[in-house]
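S.K.: Single-letter residue listing:
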Amino acid sequence: MSFILIVEQVLNGLQFGVMLFLMAAGLTLIFGVMGLINLAHGSLYMVGAFAAAAVAGWTGSFLLALLAALMAAALAGAIIEMVVIRRLYATDHLDQVLATFALILVFSEGTRWVFGSFPLFLDIPDYLSGPVTLPGGIQYPLYRLTLIVVGLLVGLGLWALIERTRLGIQIRAGENDREMIAALGVDISKLYTLVFALGAALAGLAGALVGAIQSVQVGMGEPVLILAFVVIVIGGIGSIKGAFIGALLVGLTDTLGGIFLPELFKLVMSPAAATSFGSSLASIGIYLLMAAVLIWRPTGLFGARA
Amino acid sequence: MKKLLMGAAALAMSATFASAEVKVGMITTLSGGGAGLGIDVRDGFMLAIAQSGRDDIEVIIEDDQRKPDIAVQLSDKLIQSERVDVMTGIIWSNLAMAVVPAAVNQNVFYLSPNAGPSALAGPGCHKNYFNVAWQNDNLHEAAGAYANSAGYGNSFILAPNYPAGKDALTGYKRFFEGDLAGEIYTKLGQTDYAAEIAQIRASGADSVFFFLPGGMGISFLKQYADSGVDLPLVGPAFSFDQGILQAVGDAAMGVVNTSQWSKDIDNPTNAAFVESFQAEYGRLPSLYASQGFDTANLLISALEKADPSDADAFRAALKAAEFDSTRGDFAFGDNHHPIQDIYAREVIKEGDVFTNKIIGVALENHADAYAAECKM
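In order, the protein sequence lines correspond to chains L and W. If you want the working numbering, it's the position in the first sequence, counting the first as 1, plus 9. If you want the working numbering, it's the position in the second sequence, counting the first as 1, plus 495.
Read the hints as simulated data drawn from the structure, not as lab findings. Each statement offered as a hint is correct.
Some chain W residues flagged as far from chain L (calculated, every beta-carbon gap over 10 Å):
no., residue
1, E577
2, P618
3, D701
4, P727
5, E775
6, E859
Once the Cα atoms are required to be at most 30 Å apart in a straight line, the calculated DSSO-like pairs of lysine-lysine come out as:
no., chain 1, residue 1, chain 2, residue 2
7, W, K668, L, K275
8, W, K800, W, K870
9, W, K682, L, K250
10, W, K572, W, K562
11, W, K572, W, K814
12, W, K622, W, K562
13, L, K275, W, K682
14, W, K682, W, K562
15, L, K275, W, K661
16, W, K661, W, K870
17, W, K870, W, K622
18, W, K518, W, K800
Far from chain L by the CB rule (all over 10 Å, computed), these chain W residues:
no., residue
19, E516
20, V517
21, K562
22, Q601
23, A645
24, E770
25, D802
26, K814
27, F818
Computed from a predicted model, the values in this text were never measured in an experiment. Ideal Cβ placement from N, Cα and C applies to all residues, glycine included.
The following block holds chain L by itself, in its conformation from the complex:
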């Protein structure tokens, strides 16, 4: 196992982690501020990817496609917040889960109705395609490096928004005491719509960015949604910082586990058995991580409440 391979795998883990962060940030924000479990977050990821694929098909521009993904997901988020989600804040989590699960079905069949059952084409723009050579002779795809940078920048921007702006103060206040900030004259329903749209836009951005190297198809959001839930449970529900650390932990565990566990077991088993056993164990690696974190800290790494 060479040094180059290890560095490349760490970069892969980071890239996977920052994309998970874009999903998890919106999910944790919505739960933290509104106390809502939104299963339809994966559908917003899909909306972003489909909007990007459609606009890239019409215009040929990847930047316009990203813009379209952000706007389409934010708009879809704002609409479902005003039409459906708003009625769920006062109800218990079971009603929220049922209603947002229904939204998954509506989005999936709606997308199929508009775009058909076959996957769409969305490609990396020419100026970001192909590998670059990093110091040490490591060949790494430029697009994945770009994803890492974009993810980190979005993380920084979110931190600045929450910590340094008036909106951020309102969001933090809303997490602590929603009656009080309503009494202070903040339009709480507008704030909720805004936060929901922001979370949706992040999911849409992730969908479009990842869609360029994956398959843009109906149902693409649900596997990511499950991982995003693991991330926010590890990081502590409601904490953006927790989502960031949790996403990187999950990304690295998942990527490195899949590579190194089979190698590790080859020391004590036959290669075929090691491959089979190692990859099976690697696929439950992130859940073992989650269990370990929860035993150590039942509210997650940065969670304030149980």
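Once you have looked at the hints, place chain W on chain L.
M.R.: Chain W alone, transformed into the frame defined by chain L:
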């Protein structure tokens, strides 16, 4: 639940369901991520029924949503309350394993238009079960044979960690004579292959064999093309069918894949099928559509000779397989699985459309490896 009642006559605007004499139950995947395959099988099947002009075949179509539990419920309903004579349609091997053994034991005929798990080809074969597509290992075996003829000596092989994935690597290894530079089982439904591609890069292989059906294959091909690794790829047609090639784009150009069907197989049945499918549905057919079409034509050819109520005669008529297949020659082996040519195809671009062109025959008159274990 989407339920479609469609007799052949319904298409001809003169529905007379009362006269329907043969009931066919189709359980296939029409919603969710794998819907493209089920829709192609259904469309190919219904096209053949419509072209036959027969108004005595009633097809009841149900959506299994790619879930084994739902497939079992639908199967119980079709057999017990609809009293179908023949069943067909299932795409996925795990669903087929949940439905087929129980169905054929209740004296229903099952014609598989896609899934061909090894368990139903060997000791678990059944006189009422016919596979019109292939046994799961077949296209992978052909990929191994092609790799030999292309002079590859050191392959890196990968497939998802589930029964059909294991059948795939087993099939490739059964025919490939070179060494293995690496062997990986990925997670089922995995969408990011950066880690595997890094291993391929470091492995020193001279070729890559992969079985990643549907969306998994799209993701892998796009990421592989962008990684700068330029080893030749070979794989079964499942990552290169007409439905997904457009979503892969240039990343698939020139890749060799193996299939029992291609739109350029030169025979009149196939030419008419490709043309009429395109006219009816406005898209090129995939191998799944050809399998649905062949399955329906097999059924119709058997119905012309015998009625399903006369099970022995009907079974013999199915076994004889006297229909014009889109694949040209078609025959069943003793375990009711096809004996057929499997082609090597290359991805090309015709105008704006990505499609496949035959470059040679990978395996001629190929039967499956499990036939000898079948005691029928």
